[in-house]
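Number of protein chains: 2
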Amino acid sequence: MEDKTIRLQLSETKKEKPNSDQLIFGRAFTDHMFVMDYSDPLGWHNASIVPYQPLMIDPSAMIFHYGQSVFEGLKAFRTADGEVQLFRPQKNFERLNLSSDRLCIPPIDEEFALKAIKQLVTVDKEWVPDAEGTSLYIRPFIISTEPYLGVAPSRHYKFIVILSPVGAYYKEGINPVKIAVENKYVRAVKGGTGEAKTGGNYAASLKAQEDVSKEGFAQVLWLDGVEQKYVEEVGSMNVFFKIGGEVVTPKLNGSILAGVTRNSVIELLKHWGIPVSERRISMEELYQAHQDGLLEEAFGSGTAAVISPIGQLTWDGKDMVINGGNTGEISQKVYDTITGIQYGKVEDPFNWIVKVEAKSAVKH
Amino acid sequence: MEDKTIRLQLSETKKEKPNSDQLIFGRAFTDHMFVMDYSDPLGWHNASIVPYQPLMIDPSAMIFHYGQSVFEGLKAFRTADGEVQLFRPQKNFERLNLSSDRLCIPPIDEEFALKAIKQLVTVDKEWVPDAEGTSLYIRPFIISTEPYLGVAPSRHYKFIVILSPVGAYYKEGINPVKIAVENKYVRAVKGGTGEAKTGGNYAASLKAQEDVSKEGFAQVLWLDGVEQKYVEEVGSMNVFFKIGGEVVTPKLNGSILAGVTRNSVIELLKHWGIPVSERRISMEELYQAHQDGLLEEAFGSGTAAVISPIGQLTWDGKDMVINGGNTGEISQKVYDTITGIQYGKVEDPFNWIVKVEAKSAVKH
Ligand SMILES: Cc1ncc(COP(=O)(O)O)c(C=O)c1O
Ligand SMILES: Cc1ncc(COP(=O)(O)O)c(C=O)c1O
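Chain order of the listed sequences is A and B. Going by the working numbering, the first residue of the first sequence is number 1361, and it counts up by one from there. Going by the working numbering, the first residue of the second sequence is number 1361, and it counts up by one from there.
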């Protein structure tokens, strides 16, 4: 990228902001968005913050046909003293480029992208809600826009960032969920796109989710695509189990997304001296541990909920109630610590926080 | 769908048509397109033929994030006496609905969709080229348009049909290609979306294709995602082999697309009394057959090329030259017959042809 200036075009009207207690994830968007174009051989160019607006895209654009796209998800948090801060945003842009590589999308300059979201969040700073547990969700994504029906990497892309204020995930305290182990559908397989954050993985997941939610389950637990024996993820989260005092999570194997929260949980546990290991975990093992009274906790990890305790796991008609259906001690402690760091309430020994400097704000 | 009328808004300007000998697949589009909307609880509505134009879509629309989409591909052919006809279009809409079901997209009325494309092709009839081997490519597709970042089936969709005149696939006679057997990346797996025609499958295929094309191969041959042993497809085509007098093709197993051309090839072979079977085929078997001099022909089948003979297959560094690198007898015969039927040059014993009735054309 040659030209690293960000053109700024402010919105003439301002939308009304939803009430803090009426925020629904991903439904309301702020006044502005960041857009940058890619074309061959120009590279990434034309970085701009513009009013939030519909995209004008040719119906033959590749994104509508061959799904070449990647995305990210992170949050900005408002601290008690009114500052706005991000949680490990570098990790998201690093992962975005890894996803892009798998999808044959040209990489972006990670530092520049971070600068862009800081500037965008600064412009829409008033949209960062301040009620307990609320935040501003940041969605960077890249879509392939070349108007061409051939199956080939696109030569035109748009990198876009949109912002959505979101409410507290747990309004009435953390609530453990019921999860069904999926043994018909597969989310991802070795050699596929599972470790990339790309649309097709999510499209592939809808059917299983639809089927189990009819039976009262919150999410599915995905097994590996090869043997359908080993645990991979839970819904759109990574998954952890505490078995006989040790915390385990599936090892990254190419079909599992490398969650930022997953990595943070592992770091925290190590920091606390709690045994944690990344390895292959079979359903058979989990079931046996449960039978033996050793399956002490289970939880999902992800940006949306941070920690989502699993109160029950149902596998092939067998119900495994975990920790009496209650939130486990470690689940709670990890949740409290990560959210504490995010909102600036507890010390950040890992330098995970990146401040959105209000002083670099554009005057308007 | 309640209202089955198709609103017609003709384009005020007409684009210049490319020369028949300069047509490139999927780059030029005709003057009009068909659009129909879906919303909950209205269902499919607002069917219209309108001037070809960019779509205005919210940046939060699901298609840009979670890849919920399906598509089809078929062709209209001009016969020697100037008529325009379609090849088995019902099969495409049947498959579209099967794909939609896997992707949690509401079904369309297949008969109405056929009526819509007939009418659209009639409106843009002048765009159906008449030079040898040329045709009008028809691309129906459905995209999820709800402006919502939640991972859930969209409640808004657009069904769109665009048309693109395409040149002859084989300008200098059929040309066998070199194919690399892919053993790193996987296109689809049992329990995944392989048998649906959805964007994510194609996005997942780009990387492997990019890697092998650097080494001079035209396409990859995909193996199954579970054992990486069994043949699935070749590029975006189904695949056939003639082994010791018998024609074999991989059995539909959930991860293979049920090609319309594949089905037509099987029907034709049966009609001719040539032994054909659908079954599991391992690379080991193919290699052994080649060593024994029994691998007599290999070809891909698909709407774009109809038949694409495979002159060489490279597996783990082993080159298998097939039929001396030449087009086989059956490959040629199948190609001649299917294209003959498509252009109205040979008898159509199966009733595969559907005429686009010019007399139902809208006056303009
Ligand atoms: C499939 C999948 N797994 C895991 C995660 C968790 O990743 P992170 O902790 O970075 O949000 C996500 C995203 O939220 C996801 O979409
Ligand atoms: C993955 C894949 N396999 C096979 C085919 C062949 O299908 P058809 O003969 O219907 O064109 C296609 C589409 O053309 C395809 O995309």
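It should be emphasised that the hints constitute simulated quantities derived from the structure, not laboratory data. Some hints here could point you the wrong way.
No copy is singled out in the list; a pair is fine if it fits within one copy or between any two copies.
No more than 20 Å apart at the CA atoms, straight line, and that leaves these computed lysine to aspartate or glutamate pairs for EDC-like [to be verified]:
| hint | residue 1 | residue 2 |
| --- | --- | --- |
| 1 | Lys1574 | Asp1400 |
| 2 | Lys1589 | Glu1454 |
| 3 | Lys1544 | Glu1587 |
| 4 | Lys1550 | Glu1570 |
| 5 | Lys1478 | Glu1532 |
| 6 | Lys1485 | Glu1570 |
| 7 | Lys1567 | Asp1461 |
| 8 | Lys1574 | Glu1656 |
| 9 | Lys1538 | Glu1638 |
| 10 | Lys1550 | Glu1587 |
| 11 | Lys1478 | Glu1645 |
| 12 | Lys1630 | Glu1689 |
| 13 | Lys1475 | Glu1638 |
**Q.** Enumerated hints in conflict with the structure, sorted upward
**A.** 2, 5, 6, 8, 9, 11, 13
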